[in-house]
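K.L.:
According to the working numbering, the sequence shown is numbered sequentially starting from 1.
The hints are simulated quantities; they were obtained by calculation from the structure and are not laboratory data.
Ideal Cβ placement from N, Cα and C applies to all residues, glycine included.
Please note: incorrect hints may appear among the correct ones.
What the hints assert, rightly or not - Here are the computed lysine-lysine pairs in the DSS-like style, where the Cα-Cα straight-line distance is at most 25 Å:
hint	residue 1	residue 2
1	Lys227	Lys255
2	Lys115	Lys65
3	Lys227	Lys284
4	Lys227	Lys115
5	Lys293	Lys255
To be verified - Here are the in silico distance ranges between beta carbons for each label pair:
hint	residue 1	residue 2	range
6	Arg56	Ser110	18 to 28 Å
7	Thr169	Ala63	22 to 32 Å
8	Ala292	Asp87	24 to 34 Å
9	Leu81	Pro159	41 to 51 Å
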Amino acid sequence: MQLQKAMGRRRVRRTLKMTALTGVCLVMMSCGGTETLVFSEPPFAEQTTLIGTPLREPAWSEATKARLLLDLEIAQAAFDLAPDREDSYLWLGRRYGYLGQYLTAIEIFSQGLEKFPDSYKLLRFRGRHLVRTRQFERALADYRQAILLMADHPDSFEPDGIPNALGLTIGTYHTNIHYYLGQASFAVGDYETMLVEMDQALTSPVLFARDDYLVSNGYWRYMALRKLGQHEAAEAMINAIPQQLDLIENTHYHKGVLLLQGYITEEDARRDSHALVKFALSMKYHFDGQAAKAAELQKEIIQDSPFGFWPAEVELVRSQN
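All chains, please: the whole structure from these sequences, using the hints.
P.N.:
Spelled out as structure tokens, the structure:
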């Protein structure tokens, strides 16, 4: 109930912002045969987490910010050249998302879905950005619809917007849509769906980098099993994950798993700057009955993250119920 109230307050605040500030608007204007997208979005300081703390722009380096802006400029140019292509909406929305402009990204994906209503790819990315704006039920609906639409298509690799160190694309649409549906189900306390979808995420016939998915899936499956009271199953599952893995990306998930396995200390986890590692520790406190320590660390995670960290926000609100 507390979580529903918190999300309800966010929806009211968002509505007021859109009324007072024009919110997020997307206007299609024809000019010389091209279409230009015009946006207006509330600044970070006017957007908040589920516990009311303000979002803020990350302290990007000049080089990083310049790269993100250049990527956005390229995506906009591609859209202007080919406004009737599904990919044009996909990449323009994603590039705004990388800059933290989630509301704008959602509007772009929504406009794309008006032209391509059967696009499971646009639904996948709109769902991801809806989660980032704490619109969980809408996100879950998008993911479920994407799964239905995807059923008639062979699986394919999902191109990365920010390549990993090896320049390898490891995710597929099948894997990612099922995975993110499972992850987002944590927000609404649907732990059974978490388990089902995490299992489905590992069934793609073209799954690559299985070790990376093993640790991320294991991390969330552990949370779901513990929430369901299946403590022995959770411990058996997490302890079956090897310590030595051939990872490409998910090193923070792996460190969280190692913490849950007991191979790294609480002090090591607290010194880690990544939210995923600290959230694993906060949930360890929670499952060990140390509610005050769990809440304290979750508040720290949220405050230290420029865009907040929705799993910690959800869990903190839920614990106050």
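K.L.:
The structure should be examined with respect to each hint, and the outcome stated for every one.
P.N.:
Status of the hints after comparison with the structure:
The straight-line distance between the Cα atoms of Lys227 and Lys255 is roughly 21 Å, inside the 25 Å bound, and the hint therefore holds. Taken as a hint, the Lys115 and Lys65 pair is broken in the structure, with Cα atoms around 31 Å apart against an allowance of 25 Å. Of the supplied pair hints, the one linking Lys227 and Lys284 holds, its CA atoms being roughly 12 Å apart against a limit of 25 Å. Straight-line distance between C-alpha atoms of Lys227 and Lys115 comes to about 41 Å, which puts the hinted pair past the 25 Å bound.
Note on Lys293 and Lys255: the hinted pairing holds, with a Cα-Cα distance of about 20 Å set against a maximum of 25 Å. The hint said 18 to 28 Å for the Cβ distance between Arg56 and Ser110, and at roughly 26 Å that hint holds. Taking the beta carbon of each, Thr169 and Ala63 are about 23 Å apart, inside 22 to 32 Å as hinted. For the hinted restraint 24 to 34 Å between Ala292 and Asp87, the CB-CB distance of approximately 49 Å leaves it violated.
Between Leu81 and Pro159 the CB atoms are about 18 Å apart, so this pair departs from the stated range of 41 to 51 Å.
Checked against the numbered hints above, the structure violates hints 2, 4, 8 and 9; every other hint is satisfied.
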